[in-house]
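Colleague: Listed here are the chains, written in short residue letters.
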Amino acid sequence: MTSIVEIDHVFKMYGAQAALSDITLQIQSGEIFALLGPNGAGKTTLLRILTGILLPDSGTVRILGASSMGEVRHQVGYLPEERGLYRRQPIGDILAYLGELKGLSAKQARERVRIVLEQVGMLAHVASTPEALSKGMAQRIQIAAALIHDPPFLILDEPFSGLDPVSSRQLQEIVTNEKQRGRTILLSTHQMDTVERLCDRLLMLHRGKTVLSGIVSEVRACFGEGVLRIEHGTERLPGPLPPGVRIRDASLPFVTELLPPNGLAPREILSALLTQGVDIRAFAPVIPSLEEIFVRIVGEKG
Amino acid sequence: MDWRRIRVIARREFWTTVRRREFLLVTLGLPVLYFLIGVGVALATASAVVSAERQDRQQVKIIGWRDQSGLLDRAVLEKGDETVKGRVFPGTERGQQAVRQGQIRAFVDIPPDFLKTGEVAVYLPPVRGSIFSEGRNSDTSLVPTIRRALLKGRVPEAIVKRVTAAPDLQRFHLNSRTKAFEAPDPLRSLSRFAVPYVFSLLLIVAVLFSSSYLLHGIVEEKENRIMEVLLSSASHEELLLGKLIGLGGAGMAQFGLWIVTGSVGGLAALQVARQLAPFAISPGTALVGLLLFLLGFALYAALMAGIGSFGTSWRESQQISGVLVLFLVIPLMLLPVFLESPDGLVPRILSFVPLTAPIALMLRVAVGGASPGEVLLSCMLLAISVVVTVRLSARLFRLSLLLYGQRPSVTEIIRWLRAV
Chain A
1 MTSIVEIDHV
11 FKMYGAQAAL
21 SDITLQIQSG
31 EIFALLGPNG
41 AGKTTLLRIL
51 TGILLPDSGT
61 VRILGASSMG
71 EVRHQVGYLP
81 EERGLYRRQP
91 IGDILAYLGE
101 LKGLSAKQAR
111 ERVRIVLEQV
121 GMLAHVASTP
131 EALSKGMAQR
141 IQIAAALIHD
151 PPFLILDEPF
161 SGLDPVSSRQ
171 LQEIVTNEKQ
181 RGRTILLSTH
191 QMDTVERLCD
201 RLLMLHRGKT
211 VLSGIVSEVR
221 ACFGEGVLRI
231 EHGTERLPGP
241 LPPGVRIRDA
251 SLPFVTELLP
261 PNGLAPREIL
271 SALLTQGVDI
281 RAFAPVIPSL
291 EEIFVRIVGE
301 KG
Chain B
1 MDWRRIRVIA
11 RREFWTTVRR
21 REFLLVTLGL
31 PVLYFLIGVG
41 VALATASAVV
51 SAERQDRQQV
61 KIIGWRDQSG
71 LLDRAVLEKG
81 DETVKGRVFP
91 GTERGQQAVR
101 QGQIRAFVDI
111 PPDFLKTGEV
121 AVYLPPVRGS
131 IFSEGRNSDT
141 SLVPTIRRAL
151 LKGRVPEAIV
161 KRVTAAPDLQ
171 RFHLNSRTKA
181 FEAPDPLRSL
191 SRFAVPYVFS
201 LLLIVAVLFS
211 SSYLLHGIVE
221 EKENRIMEVL
231 LSSASHEELL
241 LGKLIGLGGA
251 GMAQFGLWIV
261 TGSVGGLAAL
271 QVARQLAPFA
281 ISPGTALVGL
291 LLFLLGFALY
301 AALMAGIGSF
311 GTSWRESQQI
321 SGVLVLFLVI
331 PLMLLPVFLE
341 SPDGLVPRIL
351 SFVPLTAPIA
361 LMLRVAVGGA
371 SPGEVLLSCM
381 LLAISVVVTV
391 RLSARLFRLS
401 LLLYGQRPSV
411 TEIIRWLRAV
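Top line first, the protein sequences correspond to chains A and B.
Once you know that position 136 of the first sequence is 136 in my numbering, the rest is easy, because the numbers rise by one and skip nothing.
Once you know that position 400 of the second sequence is 400 in my numbering, the rest is easy, because the numbers rise by one and skip nothing.
In isolation and in its complexed conformation, chain A is listed as follows (with noise of 0.2 Å):
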């Protein structure tokens, strides 16, 4: 896989304060990228210097092999968490117009507004404009604007924010689509949900400071702790537990979560529990959410 972003070792001030420090990541082509922090973190920063409107102080950053975003600005849609559209338009007339701002001709530009549309689910809504929307179908019209010159990469910040579950799973199914379609997209997000539903890898910041980043599965694997949770069919667990091994949490009936020993692979345990007996329903290793690690993260790091 080709690198669409490549992001080495890049540093931004506001003043003494470091917006960003040392950040250094790759997103590869056709994969979502996720960047999670808490709000101040400096994502909206990268975000602003991925899609050029500040620059870094230092380090480099390559978009599509470009190294200037002048360069490649039409093959770029960016969805700002800070959105709007002009309010009394007609919506067919502010798609074509940022459809030519990134370098379509006014007949292809009007033609992508008809396919965008379509793709969104608003194509009737053509000659509206955004103030009688709502805020689920201006969403839509904005990720539409985002994608009407059909770009290769895509930047979404906070894309689902504010949105009832129907439209938020909409939105969803249009970034899969333009998943399956080979499009690169980057999104960042609060909904952890939705980064382990969606997403490949993710980059998390905090305090302009890269603190986690990986493939999701990994990372959450990674958080896991070797915790084994088992389903059985009496109320409690019967003892005795093989050596080393200890009761991480029993509150609930029928459940169990048990902490091996260092050494001890998950399959010994299991083993050693058939042969005394014991009727297990179910057996897995504890995988935290991407939540779960993300607010222990933030906790730790104050």
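Since the hints were made in silico from the structure, they are not lab data.
Just so you know, even glycine gets a beta-carbon here, dropped at the ideal spot from N, CA and C.
Incorrect hints may have been included.
Claimed, not checked - Covered stretches of chain B (in silico footprint by chain A; criterion: 3 or more residues with CB under 8 Å from a CB of chain A, positions within the stretch not fixed):
#1 5-12
#2 225-231
Said to hold, decoys possible - Which bits of chain A does chain B cover? Going by a derived footprint, with three or more residues having C-beta under 8 Å, they are:
#3 48-56
#4 70-76
#5 122-128
Said to hold, decoys possible - Simulated DEER-style distance windows between Cβ atoms:
#6 B:15 <-> A:165: 39 to 45 Å
#7 B:319 <-> A:71: 56 to 62 Å
#8 B:287 <-> A:181: 55 to 61 Å
#9 B:4 <-> A:165: 38 to 44 Å
#10 A:215 <-> B:252: 55 to 61 Å
Fit chain B to the supplied structure of chain A, relying on the hints for placement.
Modeller: Quick look at chain B alone, frame taken from chain A:
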């Protein structure tokens, strides 16, 4: 910079602006308003003239005299002139009484020491009209009558006539170009004043209106929060330049319409197109005027966009940027200085200061007080300052967009300017 993107932005700004209800209202409404005001003023003036004539017809045409000095010729006083007759009164009290009773228009009391002091008491009915017209009608006929009565029989009649009718001075001025003496043409003199004055007013109005639309557009985009999308599609310089060009075009279209309707209205009012000929300005002056107009508009619009974009609302942005217009008005406030001494120190300095140069230089060029070298240097300085201002304003403009809804301090602005 990508000129295709700038064209797209300029085209959108132009059409969005010219379709605005307020723009159409001002553009089409102003000529109509001026026409109505013109009709109103004409009607009021005509009515005042008719009324004055009626009053004049009804006014008593006798002036009362009392000569205590014994120097004035009684026959001259009684004869008066072609408009009024005279009547001599034996005492001051009786003359004043005649004024009170409306029998005479004025009573003139010449004191015994008139030759020494030159003082004359004039008693008049209550004041009518403005303080500027107070006693004017009486004075214009009284002074020649007193002079004539004083000289009658003492000097030859021809000298009396020349003293009572002021000598007609025929002035001939040296033309600095042709080196010949020429009689001044009143219309040409008027055009020397009118052309730079109208230019200055047009530039001020152009800057006010166009920057108002510019600010309106910027604040609207900030409030609509579409700016970040725009900034990811075009650089801040492209965005600002596109807006300046689009709105400059809209402003030009507006003033083009006003000039056309104004010219047509002026021609209709004068009815004689020939009379406009002395107002024609040389192609060189017109070219300099156009250049200064464009550079001046670009400078002020860019400044206003940069500084004004820090306002958190349209009203506030307008207040911030409105302060700048004061600089534009300075040369107009010093108009007498420019007309009297166009190559003096103050006009020269002001024509090299970018904020005052557009109007200061135009005033000097119009009255022939600027050399070609000065014009070139001033235009170059102005052009450089436009480039610098557009770049600086573009940074301020971008900064203001990133600080949406906040009002930063000057220190913060400087700190952010370094960051962006």
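Colleague: Take the hints in turn and mark each one as holding or not.
Modeller: Comparing the hints with the structure gives:
no. : hint                        : verdict
1   : 5-12                        : holds (count 4)
2   : 225-231                     : holds (count 6)
3   : 48-56                       : holds (count 6)
4   : 70-76                       : holds (count 3)
5   : 122-128                     : violated (count 0)
6   : B:15 <-> A:165: 39 to 45 Å  : holds (41 Å)
7   : B:319 <-> A:71: 56 to 62 Å  : violated (40 Å)
8   : B:287 <-> A:181: 55 to 61 Å : holds (56 Å)
9   : B:4 <-> A:165: 38 to 44 Å   : holds (42 Å)
10  : A:215 <-> B:252: 55 to 61 Å : holds (59 Å)
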